[in-house]
Structures are given as structure tokens and as C-alpha cells.
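Chains A and H supply the protein sequences, listed in that same order.
Letter 77 of the first sequence, counting from 1, is numbered 77 in this note's numbering, and no numbers are missing.
Positions in the second sequence are counted from 1; adding 103 to them yields this note's numbering.
It is possible that some hints are incorrect.
To be verified - Which residues of chain H face chain A? A few of them, derived with a C-beta cut under 8 Å, are:
| id | residue |
| --- | --- |
| 1 | 138 |
| 2 | 141 |
| 3 | 153 |
| 4 | 154 |
As the list claims (entries may be wrong) - Here are some chain H residues the structure puts well away from chain A; computed CB gaps all over 12 Å:
| id | residue |
| --- | --- |
| 5 | 152 |
| 6 | 234 |
| 7 | 250 |
| 8 | 266 |
| 9 | 299 |
| 10 | 306 |
Please keep in mind that the hints were generated in silico from the structure rather than gathered at the bench.
All C-beta atoms, glycine included, are put in the ideal place defined by N, C-alpha and C.
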Amino acid sequence: MKVLSALAADPARWRYGYELGTETGLKAGSLYPILVRLADRGLLEASWEESPPPGRPARHLYRLTADGRELAAAAAPAALTVRRTAPARAARGRRGIPQPGGS
Amino acid sequence: MASDAPAGITRWLVALLTAAMPASRRHWGRAMSAELAYARSRSERARLALGAARVALLPPPGVADYRRAASRSAALAAIAYVPLGVGLYLANAVFPSPQDSTAGDLAMDAYLLVALMAAGALARRASARPGAPVIAGIAAGLVLAVLGMATLAAIDNSFLSIVSHQPGKIGGFRASGMTSMRAYINSYLEATAPGVAIVLAIAGAIFGAIGAAVAQEAASTWSHLRRHPRR
Numbered sequence: 001m002k003v004l005s006a007l008a009a010d011p012a013r014w015r016y017g018y019e020l021g022t023e024t025g026l027k028a029g030s031l032y033p034i035l036v037r038l039a040d041r042g043l044l045e046a047s048w049e050e051s052p053p054p055g056r057p058a059r060h061l062y063r064l065t066a067d068g069r070e071l072a073a074a075a076a077p078a079a080l081t082v083r084r085t086a087p088a089r090a091a092r093g094r095r096g097i098p099q100p101g102g103s
Numbered sequence: 104m105a106s107d108a109p110a111g112i113t114r115w116l117v118a119l120l121t122a123a124m125p126a127s128r129r130h131w132g133r134a135m136s137a138e139l140a141y142a143r144s145r146s147e148r149a150r151l152a153l154g155a156a157r158v159a160l161l162p163p164p165g166v167a168d169y170r171r172a173a174s175r176s177a178a179l180a181a182i183a184y185v186p187l188g189v190g191l192y193l194a195n196a197v198f199p200s201p202q203d204s205t206a207g208d209l210a211m212d213a214y215l216l217v218a219l220m221a222a223g224a225l226a227r228r229a230s231a232r233p234g235a236p237v238i239a240g241i242a243a244g245l246v247l248a249v250l251g252m253a254t255l256a257a258i259d260n261s262f263l264s265i266v267s268h269q270p271g272k273i274g275g276f277r278a279s280g281m282t283s284m285r286a287y288i289n290s291y292l293e294a295t296a297p298g299v300a301i302v303l304a305i306a307g308a309i310f311g312a313i314g315a316a317v318a319q320e321a322a323s324t325w326s327h328l329r330r331h332p333r334r
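Construct all of the structure, not just a fragment, from the sequences and the given hints.
Structural data, given as C-alpha cells:
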């Protein structure tokens, strides 16, 4: 639910796994199985970063599908509260995330 | 300790776990491999490796859907069985009849079929996969078979002095050549239990699919009526 709410806070924007983990307080060990389940149910779409930093591999980016946005809207009308309570570090990490084209 | 694992070992571990994932999930392993390059500490790398291990252990995509449909239908079957179990108890132990009741048997069969159809209809709501109502019906049929045979075993052993007057049991006992009615009843139950389970599982597969189709038709008819109400 935390992940769904965090993604629903700005549904058009693609997020890194690290950023989602910081926002939700979930460690990678818990976060990725949740993301996989959301994707399996058609609630999450993933894409690869188009312009990774030089010398670094492209990262996976995530955002809700239309079904995911519907579910989040039905289940968590106050999704924005997650964003408000997110630590400042997460806000810094969000800046400058490139958006993959055509997705 | 995993948290002290050097980056190379963690990378190798995540690559190994990625190879162990189903083909449709390997991009998740590659995503975690990429995240390793951005991890700021050993503990973050170790957590990514743990995430990869958990993703590798997740059941393949379809299995979770089928499991959800089957578990909901099994729960429905267990609830639906309650009146049936009470009926078996009343018919065998409280109001025993010297003759088998055809009407009672037919009512019980009809109830079972309705319960199996309801299991299929419920599965349609739990999963959009076409095979889900069949799997759910099989699960419901098996639950009904297990509960039914367990109830009969409990009734027959607890009220042996009553059930041993049933004509069918007397005839079967005489033909068996056994010396103990209890031993005969239990061996009969043991011998018939697999057959009952198979028959109810097959009935569950068929009537679960029918129930899902009926529910789908009813839902589309209802939706059509709501959109185009008759004047």
C-alpha cells in the first residue's frame, strides 16, 4: 500500500527503485518483491532509463498503469500524504530524473 | 555476514539469482544488478541481493493468480459445507431412517453442484485467467470430499450403534465377511474416499467452469440492463 501510494502521488513520473525505497521506508529486500507483484497484476509498468550517467548502467524506472492509478485512487485517496512526509533526501534524489521517451 | 560482502561477490550473487528467475522475470534481476552500481553501502548491496533472492523465490506470475482463486474457492466450499455436514449428522445420527432417502440424496447432490458453481463464479472475480474457475472448482471439490468423508467417519465411529442398523451397511458388512462392523465401516470409507475425491474434483472442474460462465453472462446482462433500462 505504501508503494502504491508513493507511486500514486505523482503517477505520470517515472521513479527509481532507490527513490521509492527512500520514500516508503522499505528496503530493497521488501520493495522489489512488491514491485514484481504489482507488475504481475498489471498495476505497474517498467522502463529502462534512456540516458544513464556516464560509466553507469541504465536503471529500471517505474510508474503506475491506468489500472494501478484506479486502484490507488480507490484504496488510498490520501496518497499525497506519503509525499508530504517523505524525507528531504528523497526530494533531492527526485531532481533531474530523465523521463524515458515513448513510454 | 552478507552486509560485509564485497561488491564483486554481491554482483555475482545477483547475477546467479537472476539466472534462477523465470525468463519473464529476469529483467527484474537486471534492474537490481543495475541498482548495485548505484548502491552507497555494503548493506544496500546486501539488501539488493536479498531482494533478488526473494524475487527468485516468488511463484511464477500465473501461479499466484491460480493460488488466490483456489484458496478463495476452498474457503467458500468449507463454509458451504457447514449445512451439509449438519444435514449428514441429522440424517444419520439424530433422525436415522431405515431406508435411504432418494429425495435427500438428490437435494444434497444439487446443493453440491450449486456450491461448485459458486466456487467457479468466485474464481472469476479473483482472477481473469481462463483456467482459474476450473482450478477453483477442483479445489472446492476436494475440500468438500475431504470434509464429507471426515464427517462420515466421525459420525459412523461415534454413533456406531445407530448407523449399524442402516440396511446398506448391514448388507455390505455381511458380504464383506468381516467380523467387526466398525472395521468394515472404516475400511469401506478408506476404499471409497479416493473415488469420492476424484468424482468431486472432476465435478468441480466442470461445474466451476459452468458457474464462471453463468456469472459472466449474468454480469453482462445486468450491465446491459443498467445501461439500457426497459421503459
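Hints versus structure:
The closest approach between the C-beta of residue 138 (chain H) and any C-beta of chain A is roughly 6 Å, which is under the 8 Å cut-off, so the hint is satisfied. Evaluation of the residue 141 (chain H) hint against chain A yields a held restraint, the C-beta minimum of about 6 Å falling below 8 Å. Hint on residue 153 (chain H) holds. Least Cβ distance to chain A is approximately 4 Å, under the 8 Å limit. A hinted interface residue such as residue 154 (chain H) counts as satisfied when its beta carbon comes closer than 8 Å to some beta carbon of chain A; here the least separation is about 4 Å, so the hint holds.
Its beta-carbon lying about 8 Å from the closest one in chain A, residue 152 (chain H) breaks the requirement of being farther than 12 Å from that chain. With 12 Å as the threshold on Cβ separation, the claim that residue 234 (chain H) sits away from chain A holds: the shortest Cβ distance comes to roughly 16 Å. At the 12 Å boundary, the C-beta of residue 250 (chain H) stays outside the reach of chain A, the nearest C-beta of that chain being 31 Å off. Once the 12 Å rule is applied to beta carbons, residue 266 (chain H) is consistent with being away from chain A; the minimum gap is 49 Å.
Under the 12 Å C-beta cut-off, the non-interface status given to residue 299 (chain H) relative to chain A holds; the minimum distance is some 36 Å. For residue 306 (chain H), the condition that its CB be more than 12 Å from all CB atoms of chain A holds, with the nearest at approximately 30 Å.
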